[in-house]
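Engineer: From the two separate chains plus the hints, produce the assembled complex.
Here the protein sequences line up with chains Z and C, keeping their order. Per this note's numbering, the first sequence starts with residue 1, numbered consecutively. Per this note's numbering, the second sequence starts with residue 1, numbered consecutively.
Honestly, the hints are just simulated from the structure, not real lab data. Take every hint as true, because none was put in to throw you off.
Chain C stretches covered by chain Z per the calculated footprint, using a threshold of three residues with CB under 8 Å from any CB of chain Z: (1) 96–104; (2) 133–139; (3) 171–178.
Subject to a maximum C-alpha distance of 27 Å in a straight line, what follows is the list of computed DSS-like cross-link-like pairs (lysine-lysine): (4) C:Lys5 / C:Lys53; (5) Z:Lys62 / C:Lys130; (6) C:Lys69 / C:Lys15; (7) C:Lys170 / C:Lys130; (8) C:Lys10 / Z:Lys62; (9) Z:Lys62 / C:Lys69; (10) Z:Lys54 / C:Lys170; (11) C:Lys69 / Z:Lys54; (12) Z:Lys51 / C:Lys171; (13) C:Lys10 / C:Lys170; (14) C:Lys5 / C:Lys162; (15) Z:Lys51 / C:Lys137; (16) Z:Lys62 / C:Lys178.
The beta carbon of each residue, even a glycine, is placed where N, CA and C say it ideally should be.
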Amino acid sequence: MTNEEKLELLEEVMEMDPGTLKPEMALENLEEWNSIAVISFIAMVDDEFDKVIKSAVIKEQKTVADLMALMEEE
Amino acid sequence: MVYEKVISGKLVDLKAADIDDAEFTLSIRQDPEMTKHLPRLDITMDQQKEWIKRQREEENGYFFVVWDKQGNRLGTMSVYDINGDTGEGGRLALYGDPMQKIEAGLLMLEFDFDVLRLEHIIGWVEADNKPALRWNKMFGAIFNEPEIDKRGKMIQRFTITKDDARVACKKIRGILQKTVASE
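Bound-form chain C, shown alone (with noise of 0.2 Å):
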């Protein structure tokens, strides 16, 4: 589906992906520093314009590219499977520096529990991928123990409910206002 809005902060923009973003959003799935953690997409410009046309088509599911303020594109982010007030949260890959990363993160789960309407994030992180298990950490999400997925890999699931997320968010968000307003 296609959020027709940009969805702005003081330092990023989610837009909803269209084909004109294929190249790009290919491209940082097959960045090495990026798949160490995240499977590589190994597929052609053509699949991939394809596959950004089913997600705008699809009803239960939204997938942005994340834009710095000078038109640059930095990553993606996604929320998908939505099943009444549950979605899943993935699909995140993004360069930039840390505080357009946390603002990225900050809007992306506004848009979830405020314009959505949900009421959790689920999600999975690979058992050793510990920036990935801090950073859902930091937004909230209490994780299961580890268990081996149909990979033969061992992940840890997570939830993000609307409540923890509000707490963590208006933290990060008061972080984020005294350390870029004050520039």
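Just chain Z, with the same shape it has in the complex (with noise of 0.2 Å):
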């Protein structure tokens, strides 16, 4: 999957506008990186990657780079 296929899944789950997310944005800064975009996520990551996050590797992560590097199969 290219980088621009995991921001659009990434804008997506966050319901943002096409073209808004950038790798290198702190997700600590993105309202919409909230409880239902966490779970939402880890939905998306399960059904495109076949892939389970621990909801303790989520709290680790701290750009939407980093959610970009979980956005690959085991």
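Structural biologist: Okay, here's the thing in structure tokens:
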């Protein structure tokens, strides 16, 4: 999956307009990175990459790029 | 009304609020972050204690404090104005991490539909409160078109049916079980 495709998926998860997210963005500055987005992200990664992300791992992620790095099959 | 049992989850517990919770329940409703879309309470501690006492005596509602497993209060949730098979959900104000918040939402809905045996939960959110719109949709809410309320604010009313909640909660619980159980 390309980085552009990953960003599109993340924009869907966070219900943001296409082209809004950039890898360098800090998650703590994104109002859209909330409880619902977190669970939607976990569900998306499970569906797309057949991978379960532990909630403790989610807490460690700081940037959009960190989330993109999780979006790989194991 | 008081639900005497602790509603216990893997990450959080819901317990009926009592007057010992007055300070916390008042402070959360005065927190600027929490009161962006939730009416701020400009009352005294004594008034909050009296309100909690009345809540405990009223027959058509339940007011819970959400606790983490370490004994810290995380927030509040409530079902009130119960009339027949319908109650109103609200007074939702939560600190905590995403999984704790999600589980609290699940436990509250399961209480509404499985313990109280309600058929519908209704409520409203301010139309520009995107997180709240999304939160309720995630739990199965169907929203009406926006309308202007008595305060002159644009709101959207919603209904969660028991069946829609069951489908939504099953999906959410499946995700929670995978992501928390795997730790």
